[in-house]
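Q: Chains as they are written, first to last, in our numbering: chain S, 1 to 234; chain R, 235 to 612.
Simulated from the structure, these hints should not be mistaken for lab results.
It should be emphasised that the depicted structure is a prediction, and the values quoted were computed from it without experimental measurement.
Where hints are given, some of them may not hold.
To be verified - If you only want the chain S side, here are some residues facing chain R, beta carbon under 8 Å, derived: (1) 83; (2) 111; (3) 219.
Backbone N, C-alpha and C fix where the C-beta goes; we use that ideal spot for every residue, glycine too.
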Amino acid sequence: MSGTAISAENLVKWFGEGEARTVAVRDASFAAEYGQILYIVGPSGSGKTTLLSMVSGILKPNSGSVIVEGEDIWGMSEDRIARIRLNKIGFVFQDYHLFPRLTTAENVAVPLILKKMNWNQALNVALEYLDIVGLKERAQLPPYKLSGGEQQRVAIARAIAGQPDILIFDEPTASLDGDTGRKIIEFVKAKILDEKRCIIIVTHDSRIYEYADTIMKMEDGKIIGFEKNHAHEK
Amino acid sequence: MPGILKIALKLLINDRSKFTALLVGITFAVFLMVMMTSMFSGILTRSSSSVYNIGAKIWVMDPAVNNATSSIPMPDYVLSAARSIKGVRYAVPLYFGTAQVKLKDGTYQATTVVGLDDATLYGRPELLEGNINDIYADNAFIVVKDAEYSKLGKPGVGNEFEINDHRGVVVGLAKVASSGLFGIPTIYTTYSRAITYIPSTRFTTSYILIEPKRENDIPAIQQEIGKLGYQALTRDQFVGKISDFYTFKTGMGMNILLMTTISFVVGLSISGQTFYTFILENLEKFGALKAIGARSNELIAMILFQASFTSLIGYGLGVGAASTFMILARLRMPDYAAQITFVILGFALLMVLVIASVSSYIGVRKVLQIQPFDIFRG
């Protein structure tokens, strides 16, 4: 598969009204391609997370559109957007947000269970994905017994278990030391990224910029430029 | 079980401290509610025990009578008039009073004395020992073998006692459906002996018991008795009148209502607060579920399931604890007046469902308010 996985057109988002109005994202347009890793970078408060939330169907923009695989998601009902997120988008949150009362395997099975897969079948599929991230032997442990890097990999396994086309990482290395952070991104690039999948990573960790195909820079809510990593071009 | 509910169940029961606190709160509330209402129910049943035990269809009394033990004697003409009413198959007098019985060891024991119509012995108890015809023998009394029986020194057939300086002889032991409320023994004799042996007022008929020819005759009989200035009540009406007296005119009903309300509020507070804390601690996780793609109705189903599951388990434990307590109490106090009825079980279930609903409502509101965007913002 090739082409555009997700695109944003003239997205605008502000918070508050009147004098208290703060514009978080101004007229943002971009496209993310299959088989590529797009980084959204910029200082704190530059609007990265707000932009990411709008393109992933979590935060409604004040204006503009988001096209996911040919469909304008913000023209849909809330439940339909939820289904788009479930079926087409995988999330890896900054703090992982794993369920401490479920086992690692059950955590990975959550999106499958939301897709109405049978419990035992979902657990079997979850084991396959835990195997991919190298944590099959930890399947029955609760997440809090895993290291930060392992929890990150469980979160990745959960994100990919539903076989989404678009993966969204929010500050994936923020809670990890430099070495572990790099290993995680190397792993994502080597094992998770393929030509049928697009990965968008929000980060301000310049140590992992080298793994991006495209780096989109933001400042004060505006996209101020794109930078291609020519080292990755075939 | 749908997978989403299984996740909800695991989130709930694997958080053992919260789950235990929730169960303790609800169990405690149910236990108290069931105990309070069961005691009240038991007291009301005991207060009407004579009405149940004698079993007459219609009771004639002075309108001022508000419970079975406080009868107001009626003149004899009321009995004659009752017998002449159309639709009355028969009408008999009943003596109902108390007397001090002097036991063999010289002590006195207050006792309820029931004097049955000499001709028919209408309302007689079921005998365990002895022959009912022996009640016509000199000084004959039948002793009810209930929880209070031992207070008379556990007399057997042939034993003697004194009642108002008269000799009394036990000619039979009987059983009744329900013991009295005030913890005193009951003895039966004939109406004529009762009014002879026990100091009485000018009028001696405590109640007139009527057997109607047909059920349809009851309203007309009640009307005719009303014209005499007296009141004729069916068994259920009399029981209802006694219940109303204890519920509304003694303060007992209000006290029980207050205790039950306090139990409910305590249970609601403990479980509501704990469930709220549980939801708060898992709020980000619910937000993450929302971000992943869970729909609002799925999250609502999870919370409702968690609240209902906890409530029903707590309900079962609470009812079980109350039943166990009553069984243990009866081992020590055979006349312990508490009974669990289906109405009480239904009431407690309703209250538990209210607790579950309120707890769920708080949780659902919080979870619906959380935005997945907040998860991204951290």
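Q: Evaluate each hint against the coordinates.
A: These are the hints, each one checked on the structure:
1. Proximity of residue 83 of chain S to chain R holds as hinted, the smallest CB-CB distance being about 6 Å (cut-off 8 Å).
2. Hint status for residue 111 of chain S: holds, given a least beta-carbon distance of 6 Å to chain R, under 8 Å.
3. A hinted interface residue such as residue 219 of chain S counts as satisfied when its beta carbon comes closer than 8 Å to some beta carbon of chain R; here the least separation is about 19 Å, so the hint is violated.
Going down the numbered hints, you'll see the structure goes against just number 3.
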